[in-house]
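Chains as they are written, first to last, in the UniProt record's numbering: chain A, 1 to 478; chain B, 1 to 478; chain C, 1 to 478; chain D, 1 to 478.
If you're looking for bench data, these hints aren't it; they were derived computationally from the structure. One should not assume that every hint holds.
Within a straight-line C-alpha distance of at most 25 Å, the following computed BS3-like cross-link-like pairs (lysine-lysine) qualify [stated by the list, open to error]:
#: 1; chain 1: D; residue 1: LYS155; chain 2: A; residue 2: LYS155
#: 2; chain 1: C; residue 1: LYS468; chain 2: D; residue 2: LYS92
#: 3; chain 1: A; residue 1: LYS314; chain 2: D; residue 2: LYS92
#: 4; chain 1: C; residue 1: LYS404; chain 2: B; residue 2: LYS155
#: 5; chain 1: B; residue 1: LYS114; chain 2: B; residue 2: LYS345
#: 6; chain 1: B; residue 1: LYS23; chain 2: A; residue 2: LYS468
#: 7; chain 1: C; residue 1: LYS314; chain 2: D; residue 2: LYS155
#: 8; chain 1: A; residue 1: LYS65; chain 2: A; residue 2: LYS84
#: 9; chain 1: B; residue 1: LYS23; chain 2: C; residue 2: LYS404
#: 10; chain 1: B; residue 1: LYS155; chain 2: A; residue 2: LYS468
#: 11; chain 1: C; residue 1: LYS468; chain 2: B; residue 2: LYS23
There are 4 protein chains.
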Amino acid sequence: MRTFEEYKEKLKNMRPNIYIDGKLRSRDDALLEPGINTVGVTFDAARDPEYENLVTTTSHLTGEKINRFSHIYHSQEDLMSKQKMIRTLCGKVGGCIQRCMGCDAINALYGTTKEIDVAYGTDYHERLVKYLKYYQENDLIGNAAQTDVKGDRSKRPSEQQDPDLYLRIVEKKENGIIVSGCKAHNTIAPYADEIIAIPTRMMGKEESDWAVAFAIPADTEGVTLVCRSTSPRPRVKYDAPFTKYGACDSMTVFDNVFVPWERVFMCGETKFAGRLALAFANNHRFSYCGCKPAVTDIMMGATALVADYNGIGKEPHVVDEVAELMVTAEIVYGSGVAAAATSKKNAAGALEPNFLYSNCGRYFAGVNIYHEYEILASISGGLPATLPPENDFINEATKEYMEKYIMRNPEISAENQHKLFRFISDYSCSSMGAVYQYAGVHGGGSPIMEKIGIRSFYDIESKKNIVKYLAGIEDDEK
Amino acid sequence: MRTFEEYKEKLKNMRPNIYIDGKLRSRDDALLEPGINTVGVTFDAARDPEYENLVTTTSHLTGEKINRFSHIYHSQEDLMSKQKMIRTLCGKVGGCIQRCMGCDAINALYGTTKEIDVAYGTDYHERLVKYLKYYQENDLIGNAAQTDVKGDRSKRPSEQQDPDLYLRIVEKKENGIIVSGCKAHNTIAPYADEIIAIPTRMMGKEESDWAVAFAIPADTEGVTLVCRSTSPRPRVKYDAPFTKYGACDSMTVFDNVFVPWERVFMCGETKFAGRLALAFANNHRFSYCGCKPAVTDIMMGATALVADYNGIGKEPHVVDEVAELMVTAEIVYGSGVAAAATSKKNAAGALEPNFLYSNCGRYFAGVNIYHEYEILASISGGLPATLPPENDFINEATKEYMEKYIMRNPEISAENQHKLFRFISDYSCSSMGAVYQYAGVHGGGSPIMEKIGIRSFYDIESKKNIVKYLAGIEDDEK
Amino acid sequence: MRTFEEYKEKLKNMRPNIYIDGKLRSRDDALLEPGINTVGVTFDAARDPEYENLVTTTSHLTGEKINRFSHIYHSQEDLMSKQKMIRTLCGKVGGCIQRCMGCDAINALYGTTKEIDVAYGTDYHERLVKYLKYYQENDLIGNAAQTDVKGDRSKRPSEQQDPDLYLRIVEKKENGIIVSGCKAHNTIAPYADEIIAIPTRMMGKEESDWAVAFAIPADTEGVTLVCRSTSPRPRVKYDAPFTKYGACDSMTVFDNVFVPWERVFMCGETKFAGRLALAFANNHRFSYCGCKPAVTDIMMGATALVADYNGIGKEPHVVDEVAELMVTAEIVYGSGVAAAATSKKNAAGALEPNFLYSNCGRYFAGVNIYHEYEILASISGGLPATLPPENDFINEATKEYMEKYIMRNPEISAENQHKLFRFISDYSCSSMGAVYQYAGVHGGGSPIMEKIGIRSFYDIESKKNIVKYLAGIEDDEK
Amino acid sequence: MRTFEEYKEKLKNMRPNIYIDGKLRSRDDALLEPGINTVGVTFDAARDPEYENLVTTTSHLTGEKINRFSHIYHSQEDLMSKQKMIRTLCGKVGGCIQRCMGCDAINALYGTTKEIDVAYGTDYHERLVKYLKYYQENDLIGNAAQTDVKGDRSKRPSEQQDPDLYLRIVEKKENGIIVSGCKAHNTIAPYADEIIAIPTRMMGKEESDWAVAFAIPADTEGVTLVCRSTSPRPRVKYDAPFTKYGACDSMTVFDNVFVPWERVFMCGETKFAGRLALAFANNHRFSYCGCKPAVTDIMMGATALVADYNGIGKEPHVVDEVAELMVTAEIVYGSGVAAAATSKKNAAGALEPNFLYSNCGRYFAGVNIYHEYEILASISGGLPATLPPENDFINEATKEYMEKYIMRNPEISAENQHKLFRFISDYSCSSMGAVYQYAGVHGGGSPIMEKIGIRSFYDIESKKNIVKYLAGIEDDEK
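With the rest of the complex left out, here is chain A:
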């Protein structure tokens, strides 16, 4: 397993192909640092006795000790440990730990490649296993590039004016394929070792060019990452651990990129495009059953704490709102537990979370995220929105005023009052907080997608039959 330092060293040596705010950047650019620090926690924790058991496990391929983020699930415990790991690590960085993306992609490919091979006699699974060994041994960071830019939402991939609006195979060559297109919303991509591309949806028979999956180094020729960096407002004096963590999302452009065959895991098998897309969605929504409760943990901790600081910690409406957050967190987490407890073995002998429950959990998180921010705002009062900047608490002319007038519960020092309100302001009344709101709705698939997922596989006919039975209805002859 790599150290955080080794990971950063590797990044430094990659080909610069990242643009942020109009500039080409190498991977040691300050704008990437918050995201890199976040990922770093997954390396550090693997070596920290307190978290080692949670964050490492044994590879089923090599028997070696590996980071759990590179693992293929073979037991319910594997799944539950992953969920717990995510919640724990997200709590340490104040939000998304990001590394689940690669983990979810390899697990999705693991079963699907086997199924394709069974159906068509291909050897994708063997290729993938070989790749996985490399991935685990080198303790790599993978980005899952799934969401295409999608163009006109009312049209299918093959109907778009510009065929590149969904990533596609431009040419098949002897030694590999050429692909073009653009994947959006690619968190972690700018500081990932590898980009793992998979389809974003079901494909029709005529859409074999768009049924493609592969993995390539993130600095491969032809790949350009145009990015937006998200991090907490920087601090002047009153340092806070969470300010060093952040994320970076990429629009990942593939401009005639060559992928060698050994890195191609699907190539035209349209029937399995939807299966792979959903397998990733399933694993990723399961991940959300770990990370969203972590965000809610922070919300409820902040709400409870600010109520204490305001002197209203025991007020019934506060207690009730905090309990509301507990329920939200645990319904989402419990849905993940249920998904693990009823997980199903796939063709490759690995486990996949129960799609129904992973979707229910992600759905419930998605429809509640804005309300969680609302609760925090409601109990915090208006100060997070009007808190004067940090320097006004430092500058001699105003420092005393600020400390005098921020005082609430007299048992809490002015400094701690200040630190808490600044945290809440930076966390929930900020650009970063707003990004978390959007991510809470759309990351891993928006609620409407989970509803579609759920109802697609739900046996509604059996429910109609219950009613027909109870109501004494026999089917009409036709």
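Given the structure of chain A, go ahead and fit chains B, C and D onto it with the hints provided.
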């Protein structure tokens, strides 16, 4: 295991101590029949090859085949099977299967009696085990009499003007105890073999008279059941299976009732009153994670079916509402699965569902029940409220009009249109439906009780600490 | 103005054409009595000094004193008084006062007939004015028969297999027209003097047969009313004023019914069918801005009172829920006030409520009705669902038990505790309560219809333009 | 009336007493510019023929033409015009127009000062009228400094450890008073001419030092404003009108500030502290019935437009969500209309909005604000959160990629797609957007305050009486 007939035979021979609508009734009274039919399904299913595996299991005490409703959980599978059994059987009767009450009471007593014995050197657990063997061998129906009438809600048991407003020990005698009081909302009690009484809440040191648990035959001298019967509107011609099922709730009055020591399972151990109350609540809320999804199944089946009959089954808003009900059902059921998957072994070596998840599931069911009825009403249109009585569909003068004008989707016969709307009317626009709404809020503990339960055991300090860490707050010295 | 007695006398002499539960009934049948009593309140109040000013006004046609339910609005005060009258009278009968239907129909016809005349040179308005004078002088009760049975909801009137599924003109004769069809959900019809039929929707050019409006006596040859009666559970001893009020809904069948020309107010003018349908909807939704707050008044009164009786009247969650009901009532009522304050003069010089606000008010009432019942159930506890029947409070064998154990707040007598819980049970945990839930969703048009109404007339382009302006977007050239 | 230029000229000459981010700033500092531009619109519109009638009116004191923001309401039309003016102008700046604060303060003082004079024979009203003439003639901008910092929320003003935590009278002198304390969340204060201080709550008899109201120039000796500036992210190339508008909030510190008697409008009359506080709240919540609909207008315009751009403008779920926003906007606006239509004349002969409806409107806006952002996020998709910075759309290396891959509906140019998504990102996924969320909850009083306001004045007893009547309950004798 008994047959349904044997059960009814036994009921017939019990001492009449049931009042409904001002009359003393024996247990073969027509007003009790719907409830008895419901319980009957649990006997019949145990002998039906299709359900036998689900509804029977092996006693850990005797090794004999027993009805699962008499079983003490010793594996996750025990718990999950119970949940599945409840959902299945509730679907067959169109609502509450009722028999879980006794099951939840004996499981609650099983661990708690052991804990009391460990603490005080008593022999309650041994008594209980002996009782359980009798209970299982005779395949009995037990009612859990928990909720006291409670008098002034702002006062504790010992503060009430009338000490009987919580069931209490009036006298301890050599061979047993004398109790007085009244337990409310006792579903199944009028046709149960046994009444199992347990405390409704925590008790203070001064409340040892109110810390009492026991089991007695339902027709014991001094016990009077004043009841209300709930069943679907009866039918004249268009029969429907669900109309034969119903329930009966009792205010169970204990007027100086003698309980022999071998049937006493708690007697003054105030410290364990709350533990027992919560253990029952936990098991019963876990049961709700099986039965409420069954009610939602009916809601969603009816909603989907009436939309088909109305010709709007594919309309986006219909599809979305039905999916909403799917999510509701599966979040509740999934919470039960999570409670089972993370169940904990108690002092007696049996399993108890994870309190956190059983409460989350019950809570979510409770806050959604009215909305479920709203969805069904919304898609059904106004007809369930204005549908002329059945005889208007029979009487020659109006029959043709009714059949002509009830037609919607022309592929569905007038008779089936009629049957479905009558079912929906009788199910959701009726006294019985309204009882289900109240029961959906309060049965097993209203949502506010689950929130109290959850937050009582929740480690909110650890969440505050996450925020303190992220915000860089060190504790104030005091 | 008529007395209640005169009204009943008239009913008694009408041709029996009412079926309920398979029997032909005359209009003094006991099943109609609760509905008739409700309407009676509008006659009595007109003669009661306390309400006279609210319930009577001066006809703009004759200058005579008339019941306000027969009035055509000519001032904002007319509109606001009507709203206030409805809220007041609904409070006296515990629900829908019903008589608004005819009022809303005549107001809708008043403007629309004028518009048709202007467009086509017809004389509908003159006919209507003549009819109105008769209507006012005789202080009549009118039912608005609007909602057709509608058959397959995915098809238009002219596309149905059976053309009668929307009321239609079968034949035009020299002295009048022949119509056939069936109008559903016709509250008040069985004890109305007159049935006023209007279209339920917009009609296309090819649907002139379905564009028809007229008024006829309710016992006209060919008219058959197949009804369902709704009333509170009857009482044995503990009388309560609200139990004598109820309602009756009719499926009103028109089987080749002759309507003389002077009673025909639209005959084929398809362009105005939608206008008339919406004009009635507008007036009727405005009425809902008066009656729904009355229902909420009862909900909040009952919730506040039962909390007092339970001893928890000052508990924060109770206070908050009651305040929630206050807000609901007043947003709905306030929307009505806004609709009145911004009402618009129509072609006939009368006022019509502002469609936007009447729809907002009715919408908000519709989406909250189930939640209101949920609040009442939540604070009441489970007793309304399990309260033993009245006779158990009378019968000597159980009376004392019941009185002993229903006690809560010791300052309230057992009798009053009993009366309140019986009221809540009969009001909210009953067939009648469930009918009110359905009516709350669908009566006057379900929330989805108000949304459609609102967005049809809303200037969304102007809102897009605000955004284009702010965002600096100039329109694409095409 | 002043011009925008005259206003800015005046600001420039005021004593610098503003700190932002640790620096003392004069009033032509760039950080104040966005706020000043916003206020400028109220000057420009008064001279713009299109808005002149809306934004100007005639002073009831002088008969002169004045800006409507300086007017005292004397007719329902005055109130409705103000509401319309606010909605219109907020639409022009993309949010809060700010100037209502002073308007609401003077209207609140107008009636209250009269009432104090009547009660105590003081001459506050005369002082105020004199001040108002000066205020109107000079077309001044006033800030209402109401919300105290409040310290420990569980304690009253007089119970705080530090008496300054509520603004208070330190000393009464012959020519005036000395005050100390700090008012928080003072929008507009840094570029206001005047600060008008009023109490934040009811005061007890012992709290006469805290019952104080006055108006002083914003640069008075002893006044220090510590501020936070909020504005949209600046643009590099793709300019958008809304980016030049913003706001600035101040913690306004009063450190032994002298106020001459002619500027003191309350001085120790504790009985009227609550009355004045609520009078301002009433007027300000009425203002919110104009400004929140303007924010919703932008939300719905953006949602509808982005749906068009995504090619899904006609999708049922989009149409429904947009309609949801229409209802929200119009319920809030309609509540304002109702408040105006039922406004009441105060002791000074001016009108005050109906407190019930102004609170209902503000409440409903407050509980919906986060949901409105959720709707916009939901329909926009994830792009507002991951949109690369503007320079990536300018830089040659990435410009083409960006324009190629942002394309959706092919009828909309890449430039307009870009502009819209940048607007939505800057508006809803930004620090400024988050400030609007907080302001939407807390500005003018959070929803919990409106509920308290409503229930304080609500006649709940009359509702209990309706239920007692219907239920046949006669009061217990005690």
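- Message: Flag every earlier hint the structure violates by its number, smallest first.
- Response: 1, 3, 6, 10, 11
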